[in-house]
Amino acid sequence: MASALRAAMLRHIRVPVQTLTLTGCNSQSRILCGSLRSMSSHGDDHLDKEEVIDRVLSVVKDFPKSILPRSVTPDVHFQKDLGLDSLDNVEIVMALEEEFKLEIPDKEADKIDSCNLAIEYIYHHPMSS
Amino acid sequence: MAFTLRSVKVPPNSVSLEEARHRTFDFFRAACRSIPSVMEIYNLHDVTTVSQLRSTIASEIRKNAHITNPKVIDMLLFKGMEELNNITEHAKQRHHIIGQYVVGNQGLVQDFGTKDQGISNFLKNFYNSNYF
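Chains A and B supply the protein sequences, listed in that same order. Taking UniProt numbering, the leading residue of the first sequence gets 1, the next gets one more, and so forth. Taking UniProt numbering, the leading residue of the second sequence gets 1, the next gets one more, and so forth.
Hints are computed from structural coordinates only; laboratory data are not their basis. Misleading hints may appear alongside valid ones.
Claimed, not checked - The calculated label-pair distances, taken between Cβ atoms and stated as ranges, are: (1) A:D62 / B:R62: 17 to 27 Å; (2) B:H96 / A:K80: 32 to 42 Å; (3) A:G83 / B:N64: 16 to 26 Å; (4) B:E83 / A:L47: 31 to 41 Å.
Unchecked claim - What the simulated footprint calls covered on chain A by chain B, stretch by stretch (three residues with Cβ under 8 Å from a Cβ of chain B suffice, anywhere in the stretch; the number is not a length): (5) 77-90; (6) 98-110.
What the hints assert, rightly or not - Chain B regions said to be covered by chain A (calculated; three or more residues, Cβ under 8 Å): (7) 48-54; (8) 58-65.
Each residue gets a CB set at the ideal place from its N, CA and C atoms; glycine is no exception.
Just chain A, same shape as in the assembly (with noise of 0.2 Å):
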């Protein structure tokens, strides 16, 4: 009885099949990494750079050795114009790292010895907030 039945049914229930080709897997995951992800933290919210510019100057400042405040702008290198060694440098990058709540990997902050350079790096860092 249940078999008769089993097979009644069977003979006509048509499932429309689809192909996975890789093309679909493609739009697929285009969508995933668009902007259509609305609950991810980290999407359109990026920093702009005027901002980047202001809180890395605010950083430099207010650095607890003694800097002249005026002469800190945004193209300024750390060693050379603002008088620092180079554990100085390590630590304003620390500083930065804990502004912009970044982890900077050691050969990237190792190259970073100016405030321009600093800039562009955040700028361009997608986890920076």
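Given chain A's structure and the hints, the job is docking chain B onto it.
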């Protein structure tokens, strides 16, 4: 996690002064990155700030800035790493941290030398501190 770090063997000596310098900076970064958790563990939010502690660590490192022997630098780095491990695994108490890194060796009561004018320098240092 900190306890497992102990069993890791000591890294080989730095070959050059440049490598020792890099290791020092790496150690400084590691110490700076552990400051937030240290402040959490020892409940330091009402007595100090992250940037103050960072400057304290930097000044401790700068005390030894004149050393040029890579082996000595390696030894100091090892001691620093040991101290950092002890602090992050809560082997110390709150007043140790405050005494060493927040207030400093002088303590809260500063002696301005009004009452012991004739005392010798040796005695002054003797009374002052055990740390050199």
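Cross-check of the supplied hints:
1. A:D62 / B:R62: 17 to 27 Å: About 19 Å separates the Cβ atoms of D62 (chain A) and R62 (chain B), which means 17 to 27 Å holds.
2. B:H96 / A:K80: 32 to 42 Å: Holds, at about 40 Å.
3. A:G83 / B:N64: 16 to 26 Å: holds, 21 Å
4. B:E83 / A:L47: 31 to 41 Å: holds, 36 Å
5. 77-90: holds (count 4)
6. 98-110: holds (count 5)
7. 48-54: With 4 residues closer than 8 Å to chain A, the stretch 48-54 of chain B meets the three-residue bar; holds.
8. 58-65: Held - the stretch 58-65 of chain B has 4 residues with a Cβ nearer than 8 Å to chain A, which meets the minimum of three.
When held up to the earlier numbered hints, the structure conflicts with none and fits them all.
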